[in-house]
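Enquirer: Residues per chain, in single letters:
2 protein chains.
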Amino acid sequence: MMLRAAVIQQSAWSDKQKSLAETERLLEELCTEHKPDLVLLQELHSTQYFCQIEDPELFDLAEPLDGPTAEKLASLARKHQIVLVGGIFEKRAAGVYHNTALIFDKDGSRAGYYRKMHIPDDPGFYEKFYFTPGDSENRDGTSGFSPVQTSIGKLGVLICWDQWYPEAARLMALAGAEILLYPTAIGWDITDESAEQGRQKTAWETIQRAHAVANHLPVLVANRVGHEDSPKPEDSGINFWGGSMIVGQQGELLAKASADMADFLVADIDMSKTEKLRRIWPYFRDRRVDAYQGLMKRALD
Amino acid sequence: MMLRAAVIQQSAWSDKQKSLAETERLLEELCTEHKPDLVLLQELHSTQYFCQIEDPELFDLAEPLDGPTAEKLASLARKHQIVLVGGIFEKRAAGVYHNTALIFDKDGSRAGYYRKMHIPDDPGFYEKFYFTPGDSENRDGTSGFSPVQTSIGKLGVLICWDQWYPEAARLMALAGAEILLYPTAIGWDITDESAEQGRQKTAWETIQRAHAVANHLPVLVANRVGHEDSPKPEDSGINFWGGSMIVGQQGELLAKASADMADFLVADIDMSKTEKLRRIWPYFRDRRVDAYQGLMKRALD
Numbered sequence: 004m005m006l007r008a009a010v011i012q013q014s015a016w017s018d019k020q021k022s023l024a025e026t027e028r029l030l031e032e033l034c035t036e037h038k039p040d041l042v043l044l045q046e047l048h049s050t051q052y053f054c055q056i057e058d059p060e061l062f063d064l065a066e067p068l069d070g071p072t073a074e075k076l077a078s079l080a081r082k083h084q085i086v087l088v089g090g091i092f093e094k095r096a097a098g099v100y101h102n103t104a105l106i107f108d109k110d111g112s113r114a115g116y117y118r119k120m121h122i123p124d125d126p127g128f129y130e131k132f133y134f135t136p137g138d139s140e141n142r143d144g145t146s147g148f149s150p151v152q153t154s155i156g157k158l159g160v161l162i163c164w165d166q167w168y169p170e171a172a173r174l175m176a177l178a179g180a181e182i183l184l185y186p187t188a189i190g191w192d193i194t195d196e197s198a199e200q201g202r203q204k205t206a207w208e209t210i211q212r213a214h215a216v217a218n219h220l221p222v223l224v225a226n227r228v229g230h231e232d233s234p235k236p237e238d239s240g241i242n243f244w245g246g247s248m249i250v251g252q253q254g255e256l257l258a259k260a261s262a263d264m265a266d267f268l269v270a271d272i273d274m275s276k277t278e279k280l281r282r283i284w285p286y287f288r289d290r291r292v293d294a295y296q297g298l299m300k301r302a303l304d
Numbered sequence: 004m005m006l007r008a009a010v011i012q013q014s015a016w017s018d019k020q021k022s023l024a025e026t027e028r029l030l031e032e033l034c035t036e037h038k039p040d041l042v043l044l045q046e047l048h049s050t051q052y053f054c055q056i057e058d059p060e061l062f063d064l065a066e067p068l069d070g071p072t073a074e075k076l077a078s079l080a081r082k083h084q085i086v087l088v089g090g091i092f093e094k095r096a097a098g099v100y101h102n103t104a105l106i107f108d109k110d111g112s113r114a115g116y117y118r119k120m121h122i123p124d125d126p127g128f129y130e131k132f133y134f135t136p137g138d139s140e141n142r143d144g145t146s147g148f149s150p151v152q153t154s155i156g157k158l159g160v161l162i163c164w165d166q167w168y169p170e171a172a173r174l175m176a177l178a179g180a181e182i183l184l185y186p187t188a189i190g191w192d193i194t195d196e197s198a199e200q201g202r203q204k205t206a207w208e209t210i211q212r213a214h215a216v217a218n219h220l221p222v223l224v225a226n227r228v229g230h231e232d233s234p235k236p237e238d239s240g241i242n243f244w245g246g247s248m249i250v251g252q253q254g255e256l257l258a259k260a261s262a263d264m265a266d267f268l269v270a271d272i273d274m275s276k277t278e279k280l281r282r283i284w285p286y287f288r289d290r291r292v293d294a295y296q297g298l299m300k301r302a303l304d
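Protein chains in written order, with the working numbering: chain S, 4 to 304; chain H, 4 to 304.
Chain S extracted, bound-state conformation:
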């Protein structure tokens, strides 16, 4: 089965209407020209990346799972007859907020959602202030790392910081994910020298291609692009490095976006390659499930 997959890479603004209008414009062009089955948007695409500071006022940006951004995404999925993966700052309850991906099917119904499991926190990326980590177990007893069934297959949606964890990709694969999707917001501290910036971006590309290799799954990555100032004038802001990509089941780059332009990517993925590869490179057969207990420890000291 061939799947036409697409990724949108865009800038975003603090004004949700403006950000979503840009999404809508790119989606219109993408869908008219290419008629994809699946479109991935970047992390928190309807706002600026607001985690550059810790400010309690910014919780006003949060919305419930079925709030206005969700409604807009549902209508876009239905209009273009696509499976659409978008993201919101979710208000689950007062004091419980998540970084959440929403998955809509072609009829505009919500197929499921994923709440970011690994939450980063480092200078300029103060996510632990805003985002409660996703539950370890869902209401139905499945792991917090569970793929979402859609009309085009099971989607293993993970978010940004999750992309550094082979554990997350593997759990999605073991649970039957047929494709891995990473909405992302990652960029450079512009005070880092360019060789260091290069190593960081190559490391980021390498590990996501490796998730494809380790699991024989295609991988979609949507990153934001452009400079966003910090509200603190003494901070230098973030240059989001773009570089969104579509990766095949052997880690090969099928499509890659620029470092500095809004763009969309499209690729036709032969989904039958997953099983073909797993027959002759049978990593799953040989996993040492009897010897992996240590993975559930912080450190083996």
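Note that these hints are calculated values from the structure, not bench results.
Hints are not guaranteed to be accurate.
One copy or two, either will do: identical chains are not told apart, so a pair holds if it fits within one copy or between any two.
[Stated by the list, open to error] 25 Å max Cα-Cα, derived PhoX-like pairs, lysine-lysine:
# : residue 1 : residue 2
1 : K259      : K204
2 : K279      : K204
3 : K38       : K157
4 : K157      : K279
5 : K82       : K109
6 : K94       : K75
Fit chain H to the known structure of chain S by using the hints.
Expert: Same frame as chain S, now just chain H:
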């Protein structure tokens, strides 16, 4: 602390004396010119890759942990004052044979060993016939994935097929490995077309660089090189693809060998980078050890 690390990539023959003489020759040249602290040899370097067929006679190649190949390696470590990682087909007991890496310290003493945990089996690589998988737990209660303490640090030695498993690299890192080492024997089926050969080799390089990225550890990979015929005339044999490498803690290639020549690689690795990187990219802090139970299952069905 700077560590001068080296890798030897060579051809090998069914005659152990001839193969070990080639190792000795390359080691002499390497150590005279570069005075490394650590040298990694490839998997099963003292013989041809004998697993192209299943033949009970070939168990005659196996040796105990302290057999003649071990003695030779010990003397070379002592002579050159290096930590030396080599490999043997180990006879542990009649009917229990392993694919084992031996780690010798600079004084020639055996610092430890590692028995390959993930055993492949596919056409031309019939390893499940020869090699019992390493124990899930060692006598001292540690996991089969345990690094070996040497005078230059804790070495996380894994072998070939292990390189496709992020679980193995992570377990070594959690147990304090300061460097990951992969003696390997991997090559092409020459009947595969060249685009497919390229994807395979790039996938192999990508996932090992990703182990460096995910764990902020340097990675050494030693592969064999050259064509080895199959004893079955109807089979096409294997073209071992070389490409041995030394990788820094951000997955950057510090040195890389050719696809078709015997060679050695040397790189000076700044071991202090591991902690520097882990402070600002704190993946280990955020692992969801409460939600990884599924990693101990074959499939989450």
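Enquirer: Take the hints in turn and mark each one as holding or not.
Expert: For each hint, the structure was consulted:
1. K259 with K204: both (13 Å within a copy, 20 Å between copies)
2. K279 with K204: The answer is between: 17 Å across copies meets 25 Å, while 31 Å in one copy does not.
3. K38 with K157: within (20 Å within a copy, 53 Å between copies)
4. K157 with K279: within (18 Å within a copy, 38 Å between copies)
5. K82 with K109: Cα proximity of K82 and K109: one copy only (8 Å, versus 69 Å across).
6. K94 with K75: Within one copy only: 17 Å inside, 66 Å across.
In summary, this structure violates none of the numbered hints.
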